[in-house]
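Participant: Just so you know, the sequences run in chain order P and B.
With the first letter of the first sequence counted as 1, position 296 gets the number 468 in the working numbering; the numbers rise by one all the way through.
With the first letter of the second sequence counted as 1, position 3 gets the number 19 in the working numbering; the numbers rise by one all the way through.
Just so you know, these hints were derived from the structure itself, not from any lab.
Being a predicted model, the structure only gives us computed values, none of them experimental.
Check each hint, because a few of them may be wrong.
Stated by the list, open to error - With a straight-line Cα cutoff of 35 Å, these simulated DSBU-like cross-link-like pairs (lysine-lysine) come out:
1) Lys522(P) x Lys91(B)
2) Lys465(P) x Lys357(P)
3) Lys492(P) x Lys91(B)
4) Lys357(P) x Lys423(P)
5) Lys423(P) x Lys492(P)
6) Lys195(B) x Lys338(P)
7) Lys338(P) x Lys220(B)
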Amino acid sequence: MSGNALITRALLLPSLVTGLSVPEWDLLVRQGRRANLLARLAHRIIEQQLMDRVPPRPRSHLLSALRMADRQSSAMRWEVECILRALAGVDERVILLKGAAYLLSDLPTAKGRTFADVDILVPKQRIAEVESQLMLHGWQGTHHDDYDQRYYRQWMHEIPPLRHVKRGTSIDVHHTVLPESARLKINTALLFQSAIAVPGHGRLYVLAPVDMVLHSATHLFHEGTLENGLRDLFDLDSLLRHFGARPDFWKQLVPRATELGMRRPLYYALRYCSKILNTPIPVEVINELEPGKPAPIVSSMMDFCYQRALSPQHGSCSTKGSRLATTFLYIRSHWLRMPFPLLVQHLLRKAMRNSTARAWETLFTPAPEKPEP
Amino acid sequence: MKISNYSHEQLTRRLEGGELLLDLKPFVTRIRSNIPGIARDIALMYAGFETCPEDAFADFHVAVIRESGLLNWMKPRARFYFDGRPSFIPLPVSQSFAMLEWGLNWCVAAHGHQYLIIHAAVIEREGRAAILPGAPGAGKSTLCAGLINRGWRLLSDELALLDLDSGLVCGMCRPVNLKNASIDVIRRFAPHAVMTGPVPDTTKGTIALMRPPEESIAARDAPARPAWIIVPDYSPEASPELVPHDRALAFMLLAEQSFNYDIHGTNGFAAIARLIDACHCYRFSYSNLEDAVRIFDRLAGGCE
């Protein structure tokens with residue numbers, strides 16, 4: 173905890189901001205901006221009625237970020253509405269995942285959160301129908317290359333992202349939560365069975381609380397580029413604190429993880445939430461996860477990597493081994509995503525297409541940083 | 017301390033160490049660069065601007081750094097960094113200062129949501145501001161450059177920052193962007209204006225930057241009350257004409273030319289509505305800057 177980045181400490185204890193020096197404010201705004209957590213910090217500061225005590229310059233950045241996040245929330249609600257209209261003719265439930273689900277369920281997790289794409293989950297046998305309805309209503313495919321198409325459709329858990337021609341918004345249509353080729357096999361049917369309706373939105377559903385946490389954990393701990401890693405860890409922390417207050421939540425969590433095949437990601441989620449964010453987790457739950465936990469050497473390697481990767485991807489937070497950690501987690505994510513022969517085939521294919529230099533990059537460095545829009 | 021008080025060596029050292037905090041009121045920018053030409057252009061264009069102490073709060077941390085690698089040894093290129101992250105594509109080193117300027121515009125447009133930010137030039141005379149919105153090529157920078165050399169005060173040639181509460185507009189009084197034929201037009205029109213050397217082959221053609229007049233820089237803190245929205249319309253044969261412009265169209269143009277209209281939601285709508293209500297809206301066609309000066313002076317004199 174004490175080694176945490178300033179933004180992490182400020183989010184955990186907003187009263188900290190009343191005693192910051194000017195250079196600390198400068199750093200806090202930069203880390204918050206980079207980690208996509210500035211608006212969440214603004215929200216926390218307002219919640220604690222401390223905004224008056226923030227100096228004017230940093231305050232305008234906090235409020236500016238919050239304004240942007242608010243705008244993204246309303247755009248997201250509208251986008252979900254448009255998706256529902258487009259899918260009116262499909263007789264099937266539409267399950268929202270991640271950010272959109274937190275927002276439409278009015279969870280505290282959505283407060284001050286930034287949003288980009290909408291993720292939905294529909295049964296595999298409905299994918300073609302959903303895709304064609306979306307295309308009829310203005311969404312277009314993005315990956316036109318034959319190999320990419322096959323890569324997505326044969327091995328992935330989603331079809332290539334669709335982009336709306338007019339609004340420029342993206343939607344990821346999933347039929348399960350991990351790639352078909354992944355090592356971890358998920359019992360997707362169970363997720364569908366327990367989904368719960370979003371009141372007032374017809375056929376709109378979200379995952380049940382326990383499943384929502386498990387999905388969030390699985391997603392984060394299979395991710396190869398953790399640009400939003402800290403933000404996603406705060407999402408988990410917020411979900412655990414919120415749902416953890418419900419009577420049966422903790423009792424259901426581990427049995428459900430076992431049933432769905434998500435024990436390992438849950439183990440990591442709880443470990444790093446409590447290590448980095450001090451999330452309160454009942455000791456019985458920790459004990460329940462003891463059997464089948466990673467070997468000590470694996471565990472210490474993962475600690476090394478995640479404690480570095482789950483901090484803001486900002487110059488001020490990079491320590492010895494940061495690069496090694498991100499590279500390792502990038503390779504690990506590919507390792508988890510597909511069996512080794514397929515992985516080799518996939519990377520070779522990418523290599524041939526992109527020229528040799530790019531291929532080595534693909535193999536040994538995390539995806540290049542996206543330019544600012 | 018003012019930029020003009022730094023020696024070339026001091027400025028270069030500060031830039032190399034990333035310790036140059038330029039006070040662009042209302043924003044402070046911390047700049048790092050290892051490109052020698054940038055110190056020269058900053059000294060030329062920002063001479064009258066203050067710097068801040070090294071431990072001051074910087075709104076934006078930017079850098080323009082020479083790219084490394086064999087390819088760049090033969091054809092040197094530089095890249096803009098926003099807080100350590102490479103942004104935009106690398107450009108030839110000769111375009112470094114222009115890239116810094118464009119990068120700064122992006123920083124403001126992407127983060128300054130305490131304002132409604134409109135892509136427009138703003139000039140002021142006797143407390144009343146004229147906002148000149150318009151698509152690139154409509155001649156707003158040229159018009160603005162001409163008028164500020166004849167007694168109008170420059171607020172901005174590109175970014176109008178509208179305060180939603182007060183309805184006042186501010187700019188940063190940064191250098192004016194001149195493109196292609198405009199460069200010679202302004203050189204002839206205002207022979208004493210200070211300009212950077214022309215930089216050919218940019219995405220916008222040949223460009224040069226012009227330093228705003230001293231009086232504008234001295235008053236750059238002061239916001240102004242908008243009085244006119246004037247849509248410039250340059251065409252080589254046009255006779256000078258200032259005609260009332262449809263208010264609804266002016267509204268739509270401002271909304272369309274705003275970088276963050278959508279982010280402000282209903283407040284943005286209300287702010288533009290208030291702005292339009294408070295202003296006379298005109299369309300101004302011209303082909304000659306002397307005509308423009310005459311007509312704008314008459315406007316400021318209260319004849320229209």
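Participant: Does each hint hold? Answer for all of them.
Facilitator: Hint check:
1. Lys522(P) x Lys91(B): With a Cα-Cα distance of about 29 Å, the restraint between Lys522(P) and Lys91(B) holds, given a limit of 35 Å.
2. Lys465(P) x Lys357(P): holds, 17 Å
3. Lys492(P) x Lys91(B): holds, 34 Å
4. Lys357(P) x Lys423(P): holds, 23 Å
5. Lys423(P) x Lys492(P): violated, 40 Å
6. Lys195(B) x Lys338(P): Status holds; Cα separation ~32 Å.
7. Lys338(P) x Lys220(B): Holds - the C-alpha atoms of Lys220(B) and Lys338(P) are around 27 Å apart, at most 35 Å.
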